[in-house]
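J.: Since the structure of chain A is already known, use the hints to place chain B on it.
Listed in order, the protein sequences are those of chains A and B.
Counting from 1, position 449 in the first sequence corresponds to residue 449 in my numbering; the numbering is continuous, with no gaps.
Counting from 1, position 139 in the second sequence corresponds to residue 139 in my numbering; the numbering is continuous, with no gaps.
No lab work stands behind these hints: they were computed from the structure.
Do not take every clue at face value.
Same chains, same label: a pair holds when it works inside one copy or across any pair of copies.
[As the list claims (entries may be wrong)] DSBU-like cross-link-like pairs, simulated, lysine-lysine; straight-line CA separation at most 30 Å:
#1 Lys11 - Lys107
#2 Lys344 - Lys418
#3 Lys409 - Lys107
#4 Lys11 - Lys153
#5 Lys227 - Lys415
#6 Lys418 - Lys445
#7 Lys132 - Lys107
#8 Lys11 - Lys344
#9 Lys409 - Lys132
#10 Lys409 - Lys11
Quick caveat, the model's predicted, so the values are computed rather than measured.
2 protein chains.
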Amino acid sequence: MAKKTLTKPAKGTRDFLPEDLRRREYVTGVIREVYEAHGFVPLETPTFERLETLLGKYGDEGDQLVFKILHRGQQLVDGIRQASLHIAEPGNIVVGRSGETAAGAEKLLADMGLRYDLTVPLARVYAEYPGKLPAVLKRYQIQPVWRADTPGKGRFREFYQCDVDVVGSPSQVVEAEVTGAVAQCLERLGFEDYQIRLNHRALLRALIEVAGIDVAQETEAIVALDKLDKVGAEGVLAELEQKGVAAEARQQLLDLVLGSPTLEQLGARVAGHAGGTAAVAELQEILRLAAVTPAGARLCFDPTLARGLGYYTGAIFEIQVKDLAGSLGGGGRYDGLIGMFSGKDVPACGFSIGLERILVVMEQRGMFKDLGAGVDCVVAATEPDRVEAALQLSYQLRQAGLRVELSPKADKPGKVRKAADGRGVPWVVLVTAEEGSALLWSRAKPEVTDDRVPEAALAERMQG
Amino acid sequence: MAKKTLTKPAKGTRDFLPEDLRRREYVTGVIREVYEAHGFVPLETPTFERLETLLGKYGDEGDQLVFKILHRGQQLVDGIRQASLHIAEPGNIVVGRSGETAAGAEKLLADMGLRYDLTVPLARVYAEYPGKLPAVLKRYQIQPVWRADTPGKGRFREFYQCDVDVVGSPSQVVEAEVTGAVAQCLERLGFEDYQIRLNHRALLRALIEVAGIDVAQETEAIVALDKLDKVGAEGVLAELEQKGVAAEARQQLLDLVLGSPTLEQLGARVAGHAGGTAAVAELQEILRLAAVTPAGARLCFDPTLARGLGYYTGAIFEIQVKDLAGSLGGGGRYDGLIGMFSGKDVPACGFSIGLERILVVMEQRGMFKDLGAGVDCVVAATEPDRVEAALQLSYQLRQAGLRVELSPKADKPGKVRKAADGRGVPWVVLVTAEEGSALLWSRAKPEVTDDRVPEAALAERMQG
Numbered sequence: 001m002a003k004k005t006l007t008k009p010a011k012g013t014r015d016f017l018p019e020d021l022r023r024r025e026y027v028t029g030v031i032r033e034v035y036e037a038h039g040f041v042p043l044e045t046p047t048f049e050r051l052e053t054l055l056g057k058y059g060d061e062g063d064q065l066v067f068k069i070l071h072r073g074q075q076l077v078d079g080i081r082q083a084s085l086h087i088a089e090p091g092n093i094v095v096g097r098s099g100e101t102a103a104g105a106e107k108l109l110a111d112m113g114l115r116y117d118l119t120v121p122l123a124r125v126y127a128e129y130p131g132k133l134p135a136v137l138k139r140y141q142i143q144p145v146w147r148a149d150t151p152g153k154g155r156f157r158e159f160y161q162c163d164v165d166v167v168g169s170p171s172q173v174v175e176a177e178v179t180g181a182v183a184q185c186l187e188r189l190g191f192e193d194y195q196i197r198l199n200h201r202a203l204l205r206a207l208i209e210v211a212g213i214d215v216a217q218e219t220e221a222i223v224a225l226d227k228l229d230k231v232g233a234e235g236v237l238a239e240l241e242q243k244g245v246a247a248e249a250r251q252q253l254l255d256l257v258l259g260s261p262t263l264e265q266l267g268a269r270v271a272g273h274a275g276g277t278a279a280v281a282e283l284q285e286i287l288r289l290a291a292v293t294p295a296g297a298r299l300c301f302d303p304t305l306a307r308g309l310g311y312y313t314g315a316i317f318e319i320q321v322k323d324l325a326g327s328l329g330g331g332g333r334y335d336g337l338i339g340m341f342s343g344k345d346v347p348a349c350g351f352s353i354g355l356e357r358i359l360v361v362m363e364q365r366g367m368f369k370d371l372g373a374g375v376d377c378v379v380a381a382t383e384p385d386r387v388e389a390a391l392q393l394s395y396q397l398r399q400a401g402l403r404v405e406l407s408p409k410a411d412k413p414g415k416v417r418k419a420a421d422g423r424g425v426p427w428v429v430l431v432t433a434e435e436g437s438a439l440l441w442s443r444a445k446p447e448v449t450d451d452r453v454p455e456a457a458l459a460e461r462m463q464g
Numbered sequence: 001m002a003k004k005t006l007t008k009p010a011k012g013t014r015d016f017l018p019e020d021l022r023r024r025e026y027v028t029g030v031i032r033e034v035y036e037a038h039g040f041v042p043l044e045t046p047t048f049e050r051l052e053t054l055l056g057k058y059g060d061e062g063d064q065l066v067f068k069i070l071h072r073g074q075q076l077v078d079g080i081r082q083a084s085l086h087i088a089e090p091g092n093i094v095v096g097r098s099g100e101t102a103a104g105a106e107k108l109l110a111d112m113g114l115r116y117d118l119t120v121p122l123a124r125v126y127a128e129y130p131g132k133l134p135a136v137l138k139r140y141q142i143q144p145v146w147r148a149d150t151p152g153k154g155r156f157r158e159f160y161q162c163d164v165d166v167v168g169s170p171s172q173v174v175e176a177e178v179t180g181a182v183a184q185c186l187e188r189l190g191f192e193d194y195q196i197r198l199n200h201r202a203l204l205r206a207l208i209e210v211a212g213i214d215v216a217q218e219t220e221a222i223v224a225l226d227k228l229d230k231v232g233a234e235g236v237l238a239e240l241e242q243k244g245v246a247a248e249a250r251q252q253l254l255d256l257v258l259g260s261p262t263l264e265q266l267g268a269r270v271a272g273h274a275g276g277t278a279a280v281a282e283l284q285e286i287l288r289l290a291a292v293t294p295a296g297a298r299l300c301f302d303p304t305l306a307r308g309l310g311y312y313t314g315a316i317f318e319i320q321v322k323d324l325a326g327s328l329g330g331g332g333r334y335d336g337l338i339g340m341f342s343g344k345d346v347p348a349c350g351f352s353i354g355l356e357r358i359l360v361v362m363e364q365r366g367m368f369k370d371l372g373a374g375v376d377c378v379v380a381a382t383e384p385d386r387v388e389a390a391l392q393l394s395y396q397l398r399q400a401g402l403r404v405e406l407s408p409k410a411d412k413p414g415k416v417r418k419a420a421d422g423r424g425v426p427w428v429v430l431v432t433a434e435e436g437s438a439l440l441w442s443r444a445k446p447e448v449t450d451d452r453v454p455e456a457a458l459a460e461r462m463q464g
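With the rest of the complex left out, here is chain A (with noise of 0.2 Å):
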């Protein structure tokens, strides 16, 4: 037998210990709830895709944060004897700084990938199955995705995602379903304080335009201008002049989008722009079908909201919570990406609800309700030759529909009592010499602990 290993679980993982997996269950239980309600259906993918899946979906950064699965066999010495080339010669293109030379070195070693979102593998799936799809899917996802970064308070290499999408139809309902099932999510869950913030990624486009920024600065001005919260106006300048942005645009940027300006207001100052007008009215169109939905009191118009990612098209959304750096989840419309695979363009809109940080929110601000021990009663003999009987008697009250955990040795009545209630079970059933009756003894009356009460109505005391 091996001495004492490293038994902690593998770097930016978690083991999920029952307490754990109760709470994420009720949070994912009401998540599925409400997505279901909305006539959301399930979808599961594999942990792992192709390398060539994945890789070139989330720009160099995201490619490098994909964990890669080695190959076997012969395909791994032949990649060895390759990418040792890449390694020794220092004529070739991929020796340079180490990330690089492992970069080059990766695809010749690995041939797949864990899953790094639930939006790619949605794209394969609806490229792979025309025939067994509806025409509009509405699916969820609820499943881990990794990703190979620097672990840190809050942030994990395996966490899990609650996605749901609409595959297929351009109509702004869309927007107001996705967004009304997520409000209806996080008030089942309690939340009160919470906003979702809407913009629209063809109106930042506009904006960049009116304010006479270079389109190929578009990405890192619109970067830029998604810290207003954090940096304040002055950063925000900063950064845009660092970029090279030039002086009268940057400042022409700040003043579009400053003093809250409401979404007709905004509409005014990109009243002379195509696509900038056209996105004013989605909005005002999401907003008013939103009205109807839980979500109609909670999404804010916000023209300095960018999302990081640049696949969107549309309408862009963010759950922002009070007091809360960071948002628990967000989505939007993005018309371009389900249709990589099949060379098709087909509409699409969604929203990714974040399990973890709500889970720490939850848990800092005690939202959670006693979500109980996980188990009904403890059933245990107090005589050895009493096992048996405790056995058949822990199998009636199971057919009662209890939860029943039964000890597999006679004890002592104290002990028995004190272990049950240190883990918070409800009630103890004490099989002693006596046939026919037990002790019952409750969590909620620790005091009394001599009820003696027939076999045939247990099940009822402890279910009434």
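T.: Chain B only, in chain A's frame:
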């Protein structure tokens, strides 16, 4: 936009579309419910573990089947340099057949591996959280595992296991409860013709010794004996001969087990062997206790049952279904394994249900009842200006507990009904120009297309 790419899931893995998931979730739901009724609590562990946690636990063949995750960054560069030396130097011990070469290099290139089973992670968790877990831990775990096997019919590289284990008790009550739980799962799922074969690892050793076979040949002899029901007595004798077991000893071994001896008869045949006698007594105790559990009538002593895994130390079980080669799951007592990380001796016993085979058999035999379409009704507007009203009505119906799919755009009644019908959705609600009421269509009475119902009465009509 790229042209059509290969969109199949990676080799040996599967996408689970909504209909697949309904069946999978139905089965895991039943298993979960039964396990929880037995007082088992859930555990989940990370998808990947450190390689040193996994390797050396499953034999050389198992080690090769572990999917390994490539190092990243500078560690990868260093690993390639070292691995290339292994490949390049003919004198190096790891050069030889490609399998050996790759295995030697893998440890230099990878730091983690995908979970291979649910037992090694349980052992790690049990060692890591001694204060957080009860002294006798009854845990269940339903998660996928991964093996880099050659995929085939019903054999996957990603597949689910449903494990129950009791850690920390040497009592035979545990064997009675885990087999009882598994039997109840199978019964709830509708299996009627199964048996749980029962044997004991120490009894197998006794048979080997009583037959006069060298203990060094124990494993090979047991593997040969395990094939008795497939290859018959002649086949087993031939394999034993090939493995170098003496003629008299191999005939002796066969004589000990042939003729379907009862446990009592076999006890008499190994009467002089202390370990064998103790094993027979344990099996008798298990059968005595199991008589009051759902496993009672299903347990069936079989002295030829061996099970592949070397880590069993006591009773072993295997689910056998008529007309089906292979088993639906198995388990046993393995008192030496859990302690491998803590350095302590920890008794343990468990059972693993193979979800994939259960699903295949249930499908083949038509054992699934109608699990529905996952959606109770489709709501659609017949006029574009009524889409908002349809959205509002959808939320009213959801509030009443229905799972409602809203069509994002107005459509022709016939088209909506046909699509809903094709997908098995039982109800269609059409929101027309007439306010305050809608047309209700039922899949059960498809000929009635003009049933106008007040909005307030719709939910009750569909639920009633």
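J.: Would you mind marking each hint as holding or not holding in the structure?
T.: The hints, checked one at a time:
Proximity of lysine 11 to lysine 107 under the C-alpha cut-off of 30 Å is found in both arrangements, the shortest distances being 24 Å within a copy and 18 Å between copies. Taking the shortest alpha-carbon separations for lysine 344 and lysine 418, only the inter-copy value of 25 Å comes in at or below 30 Å, while the best intra-copy value is 65 Å. Taking the shortest Cα distances, lysine 409 and lysine 107 never come within 30 Å of each other, neither inside one copy (56 Å) nor across copies (44 Å). In this assembly of identical chains, the alpha carbons of lysine 11 and lysine 153 lie at most 30 Å apart only when taken from the same copy (12 Å versus 36 Å across copies).
In this assembly of identical chains, lysine 227 and lysine 415 lie within 30 Å of each other by CA distance neither inside one copy nor across copies; the values are 58 Å within and 47 Å between. For the homomeric pair lysine 418 and lysine 445, the shortest alpha-carbon distance inside one copy (13 Å) is at most 30 Å, but the shortest distance between copies (60 Å) is not. Taking the closest pair of Cα atoms, lysine 132 and lysine 107 never come within 30 Å of each other, the shortest separation being 33 Å inside a single copy and 42 Å across copies. Within a single copy, lysine 11 and lysine 344 get their C-alpha atoms only as close as 40 Å, which misses the 30 Å cut-off; across copies the closest is 25 Å, which meets it.
Only between protomers do lysine 409 and lysine 132 lie at most 30 Å apart by alpha-carbon distance; the minimum there is 21 Å, versus 53 Å within a single protomer. In the homo-oligomer, the alpha carbons of lysine 409 and lysine 11 never lie at most 30 Å apart, since the shortest distance is 39 Å inside one protomer and 47 Å across protomers.
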